[in-house]
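S.K.: Following the hints, position chain H against chain R.
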Amino acid sequence: DTGEAGGTLPAVDMTEWKCKYCAFEEGFSGTVDLGLGYVSTDSYKFGEYTGLTDEGLYLIGDADLRYRGADASYLNVDVSRLGLDSRSLGVEGGKQGKYKLTFEYDELPHYISDSVSTPFLGTGTDTLTLPPTWVGAGSTGGMTDLANSLHSVNLDTKRKRLGLGAAFASGSQWEYAVKVRHEVREGTQRTAGNFFFSTAQLVMPVDTVTDQVDASATYTGKKFQARLAYYGSLFSNENTALNWQNPYFTGGTVDAGQIALAPDNQFHQILASAGYQFTDSTRATADLAFGRMTQNETFLGATVNSGIVVPAQPRSSLEGLVNTLNANLKITSALTQALRLNGSYTYNDHDNRTPQASYYWVSTDIPPVQQRTNLPYSFTQGTLKVSGDYRFTKQTKASLGVDSDTRERTYQEVSKSTENTVWAKANTRVVDNVYLTLKGAHAERDINGYEVLPWVSPAENPLLRKYNMADRVRDTAGLRADFTIGSAISLGFGYDYANDDYSKSLIGLTESKDTTLAADASARLGKSTSLHVYFTNEQIRSHQAGSAGGLTPDWTGENYDSVNTGGIGVKHALIAGKFDIGADYTISNAHGEIKVYDGSANAPFPDLVSRLGSVKLYATYRLKDNLSLKGTYWYEHYRSDDWQLDGVTPSTISNVLAFGEQAPSYYVNVFMLSLRYKF
Amino acid sequence: EETSPASASLKASGYTEKGADTCLKCHDEESEFPVFSIFKTKHAQKADKRTPFAGLQCETCHGPGAEHAKKVPEGQKQAPIIKFGANSKVSVDKQNKLCLDCHQGNARNGWQASTHQGGDLACASCHKIHAPRDPVLAKTTQPDVCYNCHKKERSDFFKPSTHPVRAGLITCSECHSPHGSNTDALLVKPTINQTCYTCHAEKRGPFLWEHAPVAEDCTICHNPHGSVHTSLLKKNPPLLCQQCHAPSGHPSVAYTGDSLPGGSDPANSAFLLARGCANCHSQVHGSNHPSGSRWMR
Numbered sequence: 001d002t003g004e005a006g007g008t009l010p011a012v013d014m015t016e017w018k019c020k021y022c023a024f025e026e027g028f029s030g031t032v033d034l035g036l037g038y039v040s041t042d043s044y045k046f047g048e049y050t051g052l053t054d055e056g057l058y059l060i061g062d063a064d065l066r067y068r069g070a071d072a073s074y075l076n077v078d079v080s081r082l083g084l085d086s087r088s089l090g091v092e093g094g095k096q097g098k099y100k101l102t103f104e105y106d107e108l109p110h111y112i113s114d115s116v117s118t119p120f121l122g123t124g125t126d127t128l129t130l131p132p133t134w135v136g137a138g139s140t141g142g143m144t145d146l147a148n149s150l151h152s153v154n155l156d157t158k159r160k161r162l163g164l165g166a167a168f169a170s171g172s173q174w175e176y177a178v179k180v181r182h183e184v185r186e187g188t189q190r191t192a193g194n195f196f197f198s199t200a201q202l203v204m205p206v207d208t209v210t211d212q213v214d215a216s217a218t219y220t221g222k223k224f225q226a227r228l229a230y231y232g233s234l235f236s237n238e239n240t241a242l243n244w245q246n247p248y249f250t251g252g253t254v255d256a257g258q259i260a261l262a263p264d265n266q267f268h269q270i271l272a273s274a275g276y277q278f279t280d281s282t283r284a285t286a287d288l289a290f291g292r293m294t295q296n297e298t299f300l301g302a303t304v305n306s307g308i309v310v311p312a313q314p315r316s317s318l319e320g321l322v323n324t325l326n327a328n329l330k331i332t333s334a335l336t337q338a339l340r341l342n343g344s345y346t347y348n349d350h351d352n353r354t355p356q357a358s359y360y361w362v363s364t365d366i367p368p369v370q371q372r373t374n375l376p377y378s379f380t381q382g383t384l385k386v387s388g389d390y391r392f393t394k395q396t397k398a399s400l401g402v403d404s405d406t407r408e409r410t411y412q413e414v415s416k417s418t419e420n421t422v423w424a425k426a427n428t429r430v431v432d433n434v435y436l437t438l439k440g441a442h443a444e445r446d447i448n449g450y451e452v453l454p455w456v457s458p459a460e461n462p463l464l465r466k467y468n469m470a471d472r473v474r475d476t477a478g479l480r481a482d483f484t485i486g487s488a489i490s491l492g493f494g495y496d497y498a499n500d501d502y503s504k505s506l507i508g509l510t511e512s513k514d515t516t517l518a519a520d521a522s523a524r525l526g527k528s529t530s531l532h533v534y535f536t537n538e539q540i541r542s543h544q545a546g547s548a549g550g551l552t553p554d555w556t557g558e559n560y561d562s563v564n565t566g567g568i569g570v571k572h573a574l575i576a577g578k579f580d581i582g583a584d585y586t587i588s589n590a591h592g593e594i595k596v597y598d599g600s601a602n603a604p605f606p607d608l609v610s611r612l613g614s615v616k617l618y619a620t621y622r623l624k625d626n627l628s629l630k631g632t633y634w635y636e637h638y639r640s641d642d643w644q645l646d647g648v649t650p651s652t653i654s655n656v657l658a659f660g661e662q663a664p665s666y667y668v669n670v671f672m673l674s675l676r677y678k679f
Numbered sequence: 680e681e682t683s684p685a686s687a688s689l690k691a692s693g694y695t696e697k698g699a700d701t702c703l704k705c706h707d708e709e710s711e712f713p714v715f716s717i718f719k720t721k722h723a724q725k726a727d728k729r730t731p732f733a734g735l736q737c738e739t740c741h742g743p744g745a746e747h748a749k750k751v752p753e754g755q756k757q758a759p760i761i762k763f764g765a766n767s768k769v770s771v772d773k774q775n776k777l778c779l780d781c782h783q784g785n786a787r788n789g790w791q792a793s794t795h796q797g798g799d800l801a802c803a804s805c806h807k808i809h810a811p812r813d814p815v816l817a818k819t820t821q822p823d824v825c826y827n828c829h830k831k832e833r834s835d836f837f838k839p840s841t842h843p844v845r846a847g848l849i850t851c852s853e854c855h856s857p858h859g860s861n862t863d864a865l866l867v868k869p870t871i872n873q874t875c876y877t878c879h880a881e882k883r884g885p886f887l888w889e890h891a892p893v894a895e896d897c898t899i900c901h902n903p904h905g906s907v908h909t910s911l912l913k914k915n916p917p918l919l920c921q922q923c924h925a926p927s928g929h930p931s932v933a934y935t936g937d938s939l940p941g942g943s944d945p946a947n948s949a950f951l952l953a954r955g956c957a958n959c960h961s962q963v964h965g966s967n968h969p970s971g972s973r974w975m976r
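So the sequence lines, in the order shown, correspond to chains R and H.
Mapping the first sequence onto our numbering, position 25 (from 1) lands on 25, and the numbers just tick up by one.
Counting from 1 along the second sequence, just add 679 to a position and that's the residue number in our numbering.
Simulated from the structure, these hints should not be mistaken for laboratory data.
Hints should not be assumed to be uniformly reliable.
Unchecked claim - Below 16 Å or equal to it, Euclidean Cα-Cα: the simulated EDC-like pairs (lysine to aspartate or glutamate) are: (1) Lys-818(H) / Asp-496(R); (2) Lys-725(H) / Asp-62(R); (3) Lys-719(H) / Asp-514(R); (4) Lys-728(H) / Asp-71(R); (5) Lys-818(H) / Asp-62(R); (6) Lys-394(R) / Asp-799(H); (7) Lys-831(H) / Asp-78(R); (8) Lys-719(H) / Glu-25(R); (9) Lys-697(H) / Asp-13(R); (10) Lys-818(H) / Asp-405(R); (11) Lys-385(R) / Asp-863(H); (12) Lys-179(R) / Asp-772(H); (13) Lys-425(R) / Asp-799(H); (14) Lys-416(R) / Asp-432(R); (15) Lys-882(H) / Asp-264(R); (16) Lys-818(H) / Asp-71(R); (17) Lys-725(H) / Glu-26(R); (18) Lys-773(H) / Asp-446(R); (19) Lys-394(R) / Glu-696(H); (20) Lys-20(R) / Asp-863(H); (21) Lys-882(H) / Asp-405(R); (22) Lys-831(H) / Glu-16(R); (23) Lys-697(H) / Glu-408(R); (24) Lys-18(R) / Asp-700(H).
Chain R with its partners taken away, still in its complex shape (with noise of 0.2 Å):
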């Protein structure tokens, strides 16, 4: 937003006020930073997002400008990381309270991994084929090519966004803004694709568009605002389809497969909102947002398999539509200066209305032919909720509330579900320098009924209870603490505790627990020197039950992760001035133990293992008034055992066709030394 409306100000006798001291920035300014890294080591994980991906020198390039006029008139061009595949590049230029334009450039990397191998040729496009030498097998052990077809392929995506916006404002109250988004995304990622129970993990194309438009009107008045918005999302995809040959295939007519890729889809969406201040006390706010969600791709053939004679469809493509509605209506009011009530409702609706019909289908290319019907799911939210806050002196507040949270799904084992909660928390500052927050609910969500549905074959188990709409008993608490040590040393001390519980879930998830303890502290160390620690750790264990023998439970399921994450950064100015140096030293350790127990003496899982450890010294030396010189080394390592890929090699499964990803571990070293100017 370019700016907001002004206050009232008193009448005032300022002809003494000249602001002769005022220090107003006009003309240019900004830094520029140029310089050389170095990367020690190839790894996809360390460079995942960033794009230090590759051994090798790269560009360092960051700029900051400023322009501002005496008119109002000003300029910020922001350069991210120019020399890397995460590089942005944002202009945001105008005239300060009259209009605002916006170009912004973004990449955005996703390096996903660099292990992957597979027979097939033309990955990253939509056909897959395998080598004229292929010999097909009904197991992998049998595809006596493979290890002379195998080829590595890294998987990775990028985002390429530009985005230009703009925003007038007319007088004070009215302003008026546009945003569009045009986002290209292209690489590879990862899918598969099977022939009845035999496999092969495949690399999938990447190549859509994304584009987005945000317009707004606002007016912002002394006692009513109210907002009325557009929005789109129109999305496209350049590839329909993933077709790959059937690595199995030994004979007859299963020899290829055809998956459907993310259709081309659109959602637009009216907003309006509004916020009226009755008084000093009371105000009422009210959103509501209209969209339209659909989808009308052409549908692919229900099999690739020339052998199978398939009925026309009823329909050539989905016509899809789902309508949203999203309302809300709020009122908060002080009813005394200690007491304040608040009262909010809000109705989600996502009501599909995709026709229904009967499609022919032939489940992974492999006859008969059946027919099913397509269910469009439909959801409706409404959540009311009531609170008071009440302050018992200036320096502690207490706040009590109920909410009530009902559900109702179409097609589902459960039609409608109400979850009532229970919360209360308190803030006090116990002495100048100590401030507590304390808080906790207790919610019940019951279910007014659970169905097993007619037309899911087989069967599914009737003592199952799909969380998402089970019954459940969920209780929260929360502890926070903060300490200050005169105005250099700040404490912090948090505690979260949520416990979900099933228990009339027989089947499924039946608890869900975590825990997370957090401490950090800073303290400032004389005029020159600030450290930072911190510390948490983080606690999830669930236990879930199942029955191999389609009746009562005979196995359960216990998943249990851990993390701990610590950090210390510590900052030192060696000549006040003119030479800082600093240091950071993180690590994150997590652990996930899965345990089954089923009765037998079974193998048991190897924990999923991460460990990671960073390391980070930096000196920056002003060499002139205007320029500096600033070294970096970074040391991280990183280390992840995972036993769903440790080990698995593309033949290990017979009837996978595995890529033989490995969990990725690294050790790097990146040196960076840069010049900056400053103006």
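M.R.: Same frame as chain R, now just chain H:
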């Protein structure tokens, strides 16, 4: 708050004689509270009539300063003036009202009774008004401001599978609206899924064969801040999927360490290793293929 002429002249009496020049005499760069960086910000723009420096300068926000500017004997404290931030003695409501007098519109429309307002957060708890670049508004520094309270999230972004917040490519405010919204987690769009679709529009559909929880709420399976498990999943398949799928046949079987490479039960490895269930059911986000009802096409 409407200001009547009578109350205005009463208030006016408390203002300094020379406005900002009075303040800047003491608050220079060597003082305990230097203020000159304000002149690098948008608030210090006389040509924009809405800004403090087009009005009562420092005293637009900090209030009448004549008492505060009075000389006091050495060792004594100056008379107080309106200070901002979490440690100010001025009540949060009063601090915020001074900001909201100008900034009530747009994203702040829903500030009252929002989570952060209810938590007694002052605008200046997060915003540094005097900083040339307010850290909470800059991509690379914003997360650190949020981590001051949201400590767990700092740890989340170090997990093996996460969104690129630590890498500095996206900010908290791309998904969250800290000034208030109608969703529980203060999301920028009216629902969780509408928020996710701003970057993941390919998952929006509607598809011919929808996977009900996918259309309902991405966070039923994913933890958007980060996970020990692949693809931001709350747990790995097959256990993830077996929380909701238990019909007779392969979904109901207990897959154990016996199916690890070299184990005694290799026949079940396909359901466990590599991508587990997704080795075949690769289209779990929905399929528009006539034969994709089981998300295998």
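S.K.: Evaluate each hint against the coordinates.
M.R.: Results of checking the hints against the structure:
1. Lys-818(H) / Asp-496(R): Roughly 27 Å between the alpha carbons, so the hint for Lys-818(H) and Asp-496(R) is violated.
2. Lys-725(H) / Asp-62(R): The hint is violated at about 31 Å.
3. Lys-719(H) / Asp-514(R): Distance ~45 Å between Lys-719(H) and Asp-514(R) Cα, so the pair is violated.
4. Lys-728(H) / Asp-71(R): It holds: about 11 Å lies between the C-alpha atoms, which stays within 16 Å.
5. Lys-818(H) / Asp-62(R): It holds: about 14 Å lies between the C-alpha atoms, which stays within 16 Å.
6. Lys-394(R) / Asp-799(H): holds (11 Å)
7. Lys-831(H) / Asp-78(R): violated (30 Å)
8. Lys-719(H) / Glu-25(R): Since the Cα atoms of Lys-719(H) and Glu-25(R) sit roughly 6 Å apart, the hinted pair holds (cutoff 16 Å).
9. Lys-697(H) / Asp-13(R): holds (10 Å)
10. Lys-818(H) / Asp-405(R): violated (35 Å)
11. Lys-385(R) / Asp-863(H): Holds. Lys-385(R) to Asp-863(H) sits at ~11 Å (cutoff 16 Å).
12. Lys-179(R) / Asp-772(H): Given pair Lys-179(R), Asp-772(H) is violated - Cα atoms ~33 Å apart, limit 16 Å.
13. Lys-425(R) / Asp-799(H): holds (12 Å)
14. Lys-416(R) / Asp-432(R): Violated, at about 49 Å.
15. Lys-882(H) / Asp-264(R): holds (10 Å)
16. Lys-818(H) / Asp-71(R): At roughly 28 Å apart (the allowed maximum being 16 Å), Asp-71(R) and Lys-818(H) break the hint.
17. Lys-725(H) / Glu-26(R): holds (12 Å)
18. Lys-773(H) / Asp-446(R): Not OK: Lys-773(H) and Asp-446(R) at ~42 Å, beyond 16 Å, violated.
19. Lys-394(R) / Glu-696(H): Since the Cα atoms of Lys-394(R) and Glu-696(H) sit roughly 33 Å apart, the hinted pair is violated (cutoff 16 Å).
20. Lys-20(R) / Asp-863(H): violated (49 Å)
21. Lys-882(H) / Asp-405(R): violated (26 Å)
22. Lys-831(H) / Glu-16(R): Given that 16 Å is the threshold and the Cα spacing comes to 52 Å, the pair is violated.
23. Lys-697(H) / Glu-408(R): Status violated; Cα separation ~64 Å.
24. Lys-18(R) / Asp-700(H): holds (7 Å)
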